[in-house]
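Q: Those letters in the sequence shown? Residues 23 to 203, by my numbering.
The hints are simulated quantities; they were obtained by calculation from the structure and are not laboratory data. Ideal Cβ placement from N, Cα and C applies to all residues, glycine included. Please note that a few of the clues may not be correct.
Claimed, not checked - Simulated restraints on C-beta separations:
id, residue 1, residue 2, range
1, Arg159, Asp187, 36 to 44 Å
2, Phe196, Asp130, 16 to 24 Å
3, Ser125, Gln183, 19 to 27 Å
4, Lys58, Lys203, 43 to 51 Å
5, Asn138, Gly97, 49 to 57 Å
6, Asn95, Val184, 31 to 39 Å
7, Glu202, Glu104, 34 to 42 Å
8, Lys105, Asp130, 26 to 34 Å
9, Arg123, His163, 13 to 21 Å
10, Ser125, Ser83, 56 to 64 Å
11, Gly76, Lys103, 19 to 27 Å
12, Thr135, Glu169, 13 to 21 Å
Stated by the list, open to error - The calculated lysine-lysine pairs, modelled on DSS-like cross-linking and capped at a C-alpha distance of 25 Å, are:
id, residue 1, residue 2
13, Lys168, Lys136
14, Lys111, Lys146
15, Lys203, Lys179
16, Lys136, Lys194
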Amino acid sequence: MRKSYKFKKREKITKKFYFNNKILAPEVMVIDEFNKQLGVFETKEAVQMAQDRGFDLVEVSPVGNPPVCRIMNYGSFKYQKEKQEKQQKKQTKTLDIKSVRISMKISDHDKETKVNMAERFLEKGHKVKVELILRGREFEHIDRAKEIMNDFKAKLKTRVQVEQDTSKQGNKMFLILVPEK
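Modelling step: build the complete structure from the supplied sequences, incorporating the hints.
A: Here it is as structure tokens:
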């Protein structure tokens, strides 16, 4: 049986924070649990200081010279970061490009149906890509195709902005519309 690559699981990308003995730098800048800067210490000494206070030493900013570490509870810090990532993921809205296909020989009723479909997509906040497929001798009537695309845009009741004006690629003409804010 062949191996299918179609449904690959996405790996969760999270920023790793080194803590306690996993910190690689020889010296670190230490900030205590009250956000007071204590100074530069050797890593082993800083880890021992954090453990004496009952906390962990967490590398917060590895790009600094020396890296910045904070004395805190690593478990609760990790939990707060995951919670923050979930909140950001919820707030991001994915906008899809919905496509509506029309042809040169489209009837009025079919065009109205496609216009209604495009309006529904625009009301939900999606971008709409209107595709007009040219076949055979229709290539010679590009001006007529542009007229059909402009007519389609004019029939939309919702206010739209043109993100990409009518352009031709191969045997298709495209028009990308975005809902007006």
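Q: Now look at each hint and say whether the structure bears it out.
A: Status of each hint after checking the structure:
no. : hint                        : verdict
1   : Arg159 / Asp187: 36 to 44 Å : violated, 25 Å
2   : Phe196 / Asp130: 16 to 24 Å : holds, 22 Å
3   : Ser125 / Gln183: 19 to 27 Å : holds, 25 Å
4   : Lys58 / Lys203: 43 to 51 Å  : holds, 46 Å
5   : Asn138 / Gly97: 49 to 57 Å  : holds, 53 Å
6   : Asn95 / Val184: 31 to 39 Å  : violated, 53 Å
7   : Glu202 / Glu104: 34 to 42 Å : holds, 37 Å
8   : Lys105 / Asp130: 26 to 34 Å : violated, 54 Å
9   : Arg123 / His163: 13 to 21 Å : holds, 18 Å
10  : Ser125 / Ser83: 56 to 64 Å  : holds, 58 Å
11  : Gly76 / Lys103: 19 to 27 Å  : holds, 21 Å
12  : Thr135 / Glu169: 13 to 21 Å : holds, 20 Å
13  : Lys168 / Lys136             : holds, 17 Å
14  : Lys111 / Lys146             : holds, 19 Å
15  : Lys203 / Lys179             : holds, 14 Å
16  : Lys136 / Lys194             : holds, 17 Å
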